[in-house]
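Protein chains: 2
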Amino acid sequence: MSARLGRLAVIGVGLIGGSLARALRATGWVDEIIGCGRGRANLEQAVELGVIDRYTHDIAEAACTADLVFLAVPLGAMRAAFEALNEALPAAALITDGGSAKGSVVADCRAAAPGLLDRFVPGHPIAGKERNGVGASSAGLYEGRRVILTPLAENDPNAVEQVRSMWQSCGASVTEMSVEHHDEVLAATSHLPHMLAFGLVDTLARMKENDEIFLYAAGGFRDFTRIASSNPVMWRDICLANRDALSPMLAAFAEEMNALAHSIGEADGVELLAIFERAKAARDRYVEGLNRP
Amino acid sequence: MSARLGRLAVIGVGLIGGSLARALRATGWVDEIIGCGRGRANLEQAVELGVIDRYTHDIAEAACTADLVFLAVPLGAMRAAFEALNEALPAAALITDGGSAKGSVVADCRAAAPGLLDRFVPGHPIAGKERNGVGASSAGLYEGRRVILTPLAENDPNAVEQVRSMWQSCGASVTEMSVEHHDEVLAATSHLPHMLAFGLVDTLARMKENDEIFLYAAGGFRDFTRIASSNPVMWRDICLANRDALSPMLAAFAEEMNALAHSIGEADGVELLAIFERAKAARDRYVEGLNRP
Numbered sequence: 001m002s003a004r005l006g007r008l009a010v011i012g013v014g015l016i017g018g019s020l021a022r023a024l025r026a027t028g029w030v031d032e033i034i035g036c037g038r039g040r041a042n043l044e045q046a047v048e049l050g051v052i053d054r055y056t057h058d059i060a061e062a063a064c065t066a067d068l069v070f071l072a073v074p075l076g077a078m079r080a081a082f083e084a085l086n087e088a089l090p091a092a093a094l095i096t097d098g099g100s101a102k103g104s105v106v107a108d109c110r111a112a113a114p115g116l117l118d119r120f121v122p123g124h125p126i127a128g129k130e131r132n133g134v135g136a137s138s139a140g141l142y143e144g145r146r147v148i149l150t151p152l153a154e155n156d157p158n159a160v161e162q163v164r165s166m167w168q169s170c171g172a173s174v175t176e177m178s179v180e181h182h183d184e185v186l187a188a189t190s191h192l193p194h195m196l197a198f199g200l201v202d203t204l205a206r207m208k209e210n211d212e213i214f215l216y217a218a219g220g221f222r223d224f225t226r227i228a229s230s231n232p233v234m235w236r237d238i239c240l241a242n243r244d245a246l247s248p249m250l251a252a253f254a255e256e257m258n259a260l261a262h263s264i265g266e267a268d269g270v271e272l273l274a275i276f277e278r279a280k281a282a283r284d285r286y287v288e289g290l291n292r293p
Numbered sequence: 001m002s003a004r005l006g007r008l009a010v011i012g013v014g015l016i017g018g019s020l021a022r023a024l025r026a027t028g029w030v031d032e033i034i035g036c037g038r039g040r041a042n043l044e045q046a047v048e049l050g051v052i053d054r055y056t057h058d059i060a061e062a063a064c065t066a067d068l069v070f071l072a073v074p075l076g077a078m079r080a081a082f083e084a085l086n087e088a089l090p091a092a093a094l095i096t097d098g099g100s101a102k103g104s105v106v107a108d109c110r111a112a113a114p115g116l117l118d119r120f121v122p123g124h125p126i127a128g129k130e131r132n133g134v135g136a137s138s139a140g141l142y143e144g145r146r147v148i149l150t151p152l153a154e155n156d157p158n159a160v161e162q163v164r165s166m167w168q169s170c171g172a173s174v175t176e177m178s179v180e181h182h183d184e185v186l187a188a189t190s191h192l193p194h195m196l197a198f199g200l201v202d203t204l205a206r207m208k209e210n211d212e213i214f215l216y217a218a219g220g221f222r223d224f225t226r227i228a229s230s231n232p233v234m235w236r237d238i239c240l241a242n243r244d245a246l247s248p249m250l251a252a253f254a255e256e257m258n259a260l261a262h263s264i265g266e267a268d269g270v271e272l273l274a275i276f277e278r279a280k281a282a283r284d285r286y287v288e289g290l291n292r293p
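Top line first, the protein sequences correspond to chains A and B.
Residues in the first sequence are numbered from 1 upward in steps of one, following the numbering used here.
Residues in the second sequence are numbered from 1 upward in steps of one, following the numbering used here.
It is worth saying that the hints were derived from the structure and are not from the lab.
Predicted, not measured: the structure shown is a model, and the values here were computed from it.
Hints may be right or wrong, so weigh each one.
Unchecked claim - Pair ranges (Cβ atoms, derived): (1) ARG285/B x GLU154/A: 53 to 59 Å; (2) ARG131/B x ALA80/A: 27 to 33 Å; (3) ASN291/B x ASN158/A: 47 to 53 Å; (4) GLU154/A x ALA136/B: 54 to 60 Å; (5) VAL233/B x ASN291/A: 21 to 27 Å; (6) ASN86/A x ARG285/B: 41 to 47 Å.
For every residue, glycine included, the Cβ atom is placed at its ideal position computed from N, Cα and C.
Just chain A, same shape as in the assembly (with noise of 0.2 Å):
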């Protein structure tokens, strides 16, 4: 398989869905693109930057003459937008997405276009930045980062190979695993830290003193802090749509947290010496793992 595709839609022209179709053009894996979304200023742009072909603000036109449908929506726009394509896919097409949560996807999928299950190859690809839109999307954005799939037992496997195909000609690396671990795992690694940066800012900016305090941040304060600066949308739909995972893992975050304010206010300098190293190790390894060619 992993043949080149006519013609692709983009259901969500943003940094995720505009960068998929700089990188896709850039290597000739489509034809056309054709973007689709409800802002039109928006589209205009992506239209005026080369990023799309042509726009429409209907999923269904969209889809409707499309090889390859890219659901790059609010994961809170996806049940929408499946219901949409479950009239209008044409009967060839294959669909993938780059929500940040896949179970609620897969849901999403379940409930509005059984039928679509086999065409439907959930995906992530792991890169972001704080800004959104076309304008902050690029070609080279998925370059040497992380795809992970999680095909569906209903998948064809043609439409697996496919759909990976053309991350990897985007420059990304693709794995697979099942919805339930990538859940798991996007919880821990994504999901958690920005609950606490959010938080950390939000319980600062509630203090009585918070211009003051907000003075005497150091740098590490603005480095820690970036992914507060993130969609508050966005992630509002994050949390709903991975709650499952996301809740008790946060929950026992605090527990983890009240632990050390213990053991700080019982100044155990052993425990809290043990828990830096331990941290600091492991972020050394982890960004060596980074760094490593």
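Put chain B on the given structure of chain A with help from the hints.
Frame of chain A, contents of chain B only:
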């Protein structure tokens, strides 16, 4: 006042002490700089780099001919330093420090060298990196950064003015606040974020499939956890020194995270969006403030 000084003794020639030495030498504020520390290799490197003129391993020897002593040792080593200074400090010489918590350092001075309280002006430059040692130091580290002084009731006003002038000559912006307020502010903006970063990385590292989990951490995770690569001994000392402010603040934050876990579990999208929007607005304002000329 604000005259330049003849001889500076830097106790602890690492990032913080080494950078002050470099900056004061660059501005010609001091004639001679004596370094003091335990590790010979680091001190010899400091001489080779021109950061200090000579060194000793003995605090009393370093201080006994100094006009100004800068204490840049870990917080856990402050009391012993004051004990050494109590005997050795010349009558007209001043002391200041760079410790990240101020209450414990003042308590150490009060316990070990109460006769020096008029001439010890506690200070804290809000600057740091994850790297340590004189090799990481630079003359420009304090350029445009904030330095907090927490003058004591016992302080000679001329001593405070002299220390203020020293930091201003390094390009820093100097403000004053009480010891207690400093420790609250720093618990919020620096110590708490470090606890979250250390805690998060440690929690992930103790998960069953921790190697796999770190594989899927995206760019945001790298920024978010950068401060978890900081020196574990230094951070143990900071936690112990500032435990009165930090322990309750961390426990309160754990409660916030429990409440957030509950909101996520209950799928309370309204509450989640409100938190994330407040946090994003506060974080964006903070960055705007940093970028303001």
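Hint check:
A hinted range of 53 to 59 Å is violated for the C-beta pair ARG285/B and GLU154/A, which are about 48 Å apart. Remark: the range hint 27 to 33 Å for ARG131/B to ALA80/A is contradicted by a beta-carbon distance near 50 Å. Remark: the range hint 47 to 53 Å for ASN291/B to ASN158/A is upheld by a beta-carbon distance near 51 Å. Roughly 55 Å separates the CB atoms of GLU154/A and ALA136/B, a value that falls within the hinted 54 to 60 Å.
Checking the proposed 21 to 27 Å range against VAL233/B and ASN291/A shows it holds: the Cβ atoms sit about 25 Å from each other. Our hint of 41 to 47 Å for ASN86/A and ARG285/B holds, since their Cβ atoms are close to 44 Å apart.
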